[in-house]
Structures are given as structure tokens and as C-alpha cells.
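So the protein sequences, as listed, match chains L and B.
When the letters of the first sequence are read in order and numbered with the numbering used here, they come out as residues 407 to 725.
When the letters of the second sequence are read in order and numbered with the numbering used here, they come out as residues 812 to 911.
Just so you know, not all the hints are guaranteed correct.
[Said to hold, decoys possible] EDC-like, lysine to aspartate or glutamate: derived pairs with alpha carbons at most 20 Å apart:
no., chain 1, residue 1, chain 2, residue 2
1, B, Lys-824, L, Asp-549
2, B, Lys-906, L, Glu-413
3, B, Lys-906, L, Asp-420
4, B, Lys-824, L, Glu-553
5, L, Lys-412, B, Asp-865
6, L, Lys-672, B, Glu-872
7, B, Lys-907, L, Asp-550
8, B, Lys-824, L, Asp-550
9, L, Lys-632, B, Glu-884
10, L, Lys-656, B, Glu-884
11, B, Lys-906, L, Asp-549
12, L, Lys-656, B, Glu-895
13, L, Lys-671, B, Glu-872
14, B, Lys-907, L, Glu-413
15, L, Lys-565, L, Asp-535
16, B, Lys-854, B, Glu-822
17, L, Lys-434, L, Asp-535
[Unchecked claim] Quick list of the computed label-pair ranges, beta carbon to beta carbon:
no., chain 1, residue 1, chain 2, residue 2, range
18, L, Glu-635, B, Leu-868, 39 to 47 Å
19, L, Pro-725, B, Glu-847, 44 to 52 Å
20, B, Ser-826, L, Pro-611, 42 to 50 Å
21, B, Cys-837, L, Arg-423, 39 to 47 Å
22, L, Asp-477, B, Lys-907, 23 to 31 Å
[As the list claims (entries may be wrong)] Some chain L residues well away from chain B (every beta-carbon gap over 10 Å; in silico):
no., residue
23, Val-494
24, Ile-496
25, Ala-504
26, Ala-516
27, Cys-529
28, Val-562
29, Leu-590
30, Arg-598
31, Arg-703
32, Leu-724
Derived from the structure by calculation, the hints contain no laboratory data.
Ideal placement from N, C-alpha and C gives every residue a C-beta, glycine not left out.
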Amino acid sequence: MPLPTKETIGILADNLRLRNSVLPLAQKAVTRWANGLGLPRGGETIIYTGMMYQLAPAIAAMNKTQEKIEDSWLANFVGMGRYVNKVVNISAFLARPAQTMRSYCERVLANIAALLQRAGVECGYLYEDELYSGALIYDLGVDDLFERHAWKVAKVFEKYQVKNIITVDPHTTHLLRSVYPAVLPGPAWQVRSYLEVLAERDLKPVSGLDAAVALHDSCLYARPEKIFEEPRTLLSRAGIAVREPANSGKFTLCCGGPAESLFPKKAVARAAARMEQIRQAGEKAVTMCPLCLVNLRKAAPASFSVEDIAVYLGKAYLP
Amino acid sequence: MPLVDPEFLAEVKRSPAFNAEACLNCGVCSAVCPLEIELLPRKLFRYVLLGFKDRILANTETIYSCLLCKMCEANCPQEVSIAENVRALRFWINKKVFQL
Numbered sequence: 407m408p409l410p411t412k413e414t415i416g417i418l419a420d421n422l423r424l425r426n427s428v429l430p431l432a433q434k435a436v437t438r439w440a441n442g443l444g445l446p447r448g449g450e451t452i453i454y455t456g457m458m459y460q461l462a463p464a465i466a467a468m469n470k471t472q473e474k475i476e477d478s479w480l481a482n483f484v485g486m487g488r489y490v491n492k493v494v495n496i497s498a499f500l501a502r503p504a505q506t507m508r509s510y511c512e513r514v515l516a517n518i519a520a521l522l523q524r525a526g527v528e529c530g531y532l533y534e535d536e537l538y539s540g541a542l543i544y545d546l547g548v549d550d551l552f553e554r555h556a557w558k559v560a561k562v563f564e565k566y567q568v569k570n571i572i573t574v575d576p577h578t579t580h581l582l583r584s585v586y587p588a589v590l591p592g593p594a595w596q597v598r599s600y601l602e603v604l605a606e607r608d609l610k611p612v613s614g615l616d617a618a619v620a621l622h623d624s625c626l627y628a629r630p631e632k633i634f635e636e637p638r639t640l641l642s643r644a645g646i647a648v649r650e651p652a653n654s655g656k657f658t659l660c661c662g663g664p665a666e667s668l669f670p671k672k673a674v675a676r677a678a679a680r681m682e683q684i685r686q687a688g689e690k691a692v693t694m695c696p697l698c699l700v701n702l703r704k705a706a707p708a709s710f711s712v713e714d715i716a717v718y719l720g721k722a723y724l725p
Numbered sequence: 812m813p814l815v816d817p818e819f820l821a822e823v824k825r826s827p828a829f830n831a832e833a834c835l836n837c838g839v840c841s842a843v844c845p846l847e848i849e850l851l852p853r854k855l856f857r858y859v860l861l862g863f864k865d866r867i868l869a870n871t872e873t874i875y876s877c878l879l880c881k882m883c884e885a886n887c888p889q890e891v892s893i894a895e896n897v898r899a900l901r902f903w904i905n906k907k908v909f910q911l
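Required output: the full structure, derived from the provided sequences and hints.
Right, here's the structure in full:
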């Protein structure tokens, strides 16, 4: 029996409604990446994580649980789980994020902030006031809830008088830049991905990297947001040879990540097909989205490296 | 024979962004779909335009399987807002069927 669609969406929607995130995380787990970086609170220009990298380890852990539930007798109890979840956050019991993955994602975010600082970009962070963007609920079509949540996010930006938002992942970038303006008439912010911000600055690498990587473009960056030259520019400047998989740039192929929450097996199958293309292009892979990272790593052999682009950029551009 | 619901299109079409009627049924979307879902999206849109509500309900899994990766949109000669149309179907199912 597949995961019941209604109940699974119901749990994710209830979490956003009751706990402001599809998978609720402890506050310190959300903001820990910024410890010691000296980022001011708020400001006209902020780095907005949208909690996607912080959620990635929880998503990976939850997927493992979902894969066990899918097509088993346990799928019959997801509906009951939804009722319990309204009172007690069941995701805390069902999925325990791996410490290594948590540290990795925190390093990605810390690298991004440090790269922006080195490029001379002064930006703040909203710390515990930062909210999840609502990306998954938007994708699942729970539009009324998504719109209410988007207003909450907008109110936080308003409170801090934010004017410029620097995003760190494709889902949040797309939502804030292309979706929010349609559902929130009035507020206007300039939204740019950190890759765009860094690429336009003449940032010199501290140490050139002699490496070749297969670059997996994110669907949302490459198509609606037209961000595909920037990662290539930044990697090339660092001396990294970019290898192109069979489908790349505007015609990149999805990693399957968006299917993870409802159809884990379909997500894995799609990731395996994409991984084949990537492996034919190079011996290492680079991603620029936390969901691509999680899903492609599941499909990669143990000896095959899949790293977020911020890790390579950190090695090249940070002292 | 499928039942025809003449109100179905109006129920699904919440905004001008829903432009399934622009679809020419050329099939490029199905050919490039990374999930290789033959049904998506041209047949789904035709079902909506014809008022075949029961056919939509029979394909709920397909509708929620769409990755919203927009590969089909990048190749669509008619610039159909395919992902937005699929989301509109999800919204309708969430509201009318799942009561979410």
C-alpha cells in the first residue's frame, strides 16, 4: 500500500499550521549554523535560509522511515498518526537526523555567510524569528494555508524593515522571487540567490582547486529563475573544471526530490536515473539544492562524492 | 462512458493562470517528463476541459507524482503553465476530495 496521500499531506499541513514548519525542528538546531559568525540581527539586507538546509537532515531521516512504511501494513496507520500529530509532534519520534548530515548542512550555511562576508556583502540574519518559506505546502497545492503562512513570513520581514533578501537554496529563491509577489500584493523585496550575488562580485580564490566535477543544476534555479551561469562562473574562477551531464543548464533533469514526501520509491528511482547521467559526466558531483543533495546521495555508490557547491566554494574562496 | 460535469472546469480554474485550454495535445510534455508519466499533463488537462471529473479522481496518484520540475514547460510550444495547472488540480482535490 502506498503512503496515503490525504493523511500525509494532512500531517505536513497540520505541522505548518500548528508549528510553522512541515517538519518541526528545535530552535537551536535551526540557528546553530550562525554561532560565532557575528551576523547582526535583522537589517536591510538579510541572509534568509528558509530553513531548507536545516530541514534536509530531518527530511533524509524521515524518508528512511517513509520507505519502510510505504507498501507495508504500517501505511494503514498513517491516518491515526495524523490525529496523534495534532497533539504531539510525531516526526520527532519517527525521524532522528544523522549528526554528520546536520553538521554538514550547518557547514554549508556557514560557508555561504562567510563567502558573502568575504565578498563585502553586509547582511544580517533573523535567527529564531526566521520562518520556513512554505515551499512544500505550496508544491502540494494547499494554497489557502500557504497564503496565510506567506503573510506571517512577510510580517517578520516587515518587522525588521528588510529590503534585500539573499537566499541560499532554489526552492526558497523561487518562492520568494516568483510566487510571493503573486499572493502578497504590496510588500516588495529584492530577492537574489547568494550564487548571483557572489558571481557579480570580483571575488578572487584564495587557493585554486585542481578538480573536475559534474554539475547537477537545480530545476527551479535553471528554469524559472534562470540561474545556471553563476555556479559555473564561480567554480571555473576557482580552477574547477565543470563537466556537464547529458541534461544540464535549462534542460537539467530533476533528481526526484519533490516526490520524496509522498512517493519515496519514485523519488529513489528518479535519483538513480539522474545519478547514471551524472556519473557518466564526471567522478564527483556538485549540487546546489539541499533536496538534490539528499536524494542524489541516496542513489550514489559509497565511493562517489556528492557535495554541495558551497563546500567547494568555501575551499576555494575562504582563507 | 465517463460522466461529464459541465461545472468542473469552473471549479478547477481559480485564476487566469490556469490555461489548460491553450494545450494543443502535441505530447511534447509527456515525451520529456522525467517520470515518464504518459498521462501527464495533456490528458489530464483534456479531462478537465471536457468535465471528466471521475477520470481526474481516478488519476490522483499521477497528479501528486508530478515533480513540478517544469521540464515540460520549458519545451511546451504553447507556453502552457503546466506546473501551475497541476497545482490547481491538487488544490481542487485537497479541498473537494481530501477536505484539507
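Item checked: Distance rule for Ala-504/L, whose beta carbon must clear each one in chain B by more than 10 Å -> For Ala-504/L, whose nearest Cβ neighbour in chain B is about 25 Å away, the distance exceeds 10 Å, so it holds.
Notebook entry, point to check: Are the Cα atoms of Lys-906/B and Glu-413/L separated by 20 Å or less?
Noted result: holds (13 Å)
Note to self: With the threshold set at 20 Å, check whether the alpha-carbon distance from Lys-656/L to Glu-884/B stays at or below it.
What the structure shows: Given pair Lys-656/L, Glu-884/B holds - Cα atoms ~11 Å apart, limit 20 Å.
Note to self: Hint check: Lys-434/L vs Asp-535/L, CA-CA at most 20 Å. Holds or violated?
What the structure shows: holds (12 Å)
Notebook entry, point to check: Hey, does Cys-529/L actually stay past 10 Å from chain B on C-beta?
Noted result: The assertion about Cys-529/L holds, with a minimum of 29 Å to chain B.
Check: Do the alpha carbons of Lys-907/B and Asp-550/L lie within 20 Å of each other, as the hint requires?
Finding: holds (13 Å)
Item checked: Asp-477/L paired with Lys-907/B, Cβ distance criterion 23 to 31 Å -> Distance hint for Asp-477/L, Lys-907/B holds at roughly 28 Å.
Notebook entry, point to check: Between Lys-565/L and Asp-535/L, does the CA-CA distance stay at or below 20 Å?
Noted result: Roughly 10 Å separates the two Cα atoms, so the pair holds.
Check: Is it correct that the beta-carbon of Leu-590/L has no partner in chain B closer than or equal to 10 Å?
Finding: holds (15 Å)
Next item on the list: Mind checking the alpha carbons of Lys-824/B and Glu-553/L for me, to see if they're no more than 20 Å apart?
Entry: Roughly 18 Å between the alpha carbons, so the hint for Lys-824/B and Glu-553/L holds.
Next item on the list: For the pair we were handed, Lys-824/B and Asp-550/L, check the Cα-Cα distance against 20 Å.
Entry: Answer holds: Lys-824/B to Asp-550/L is near 15 Å, not above 20 Å.
Note to self: What's the verdict on Lys-632/L and Glu-884/B, does the C-alpha distance respect the 20 Å limit or exceed it?
What the structure shows: holds (14 Å)
The structure fails none of the hints (numbered hints given earlier).
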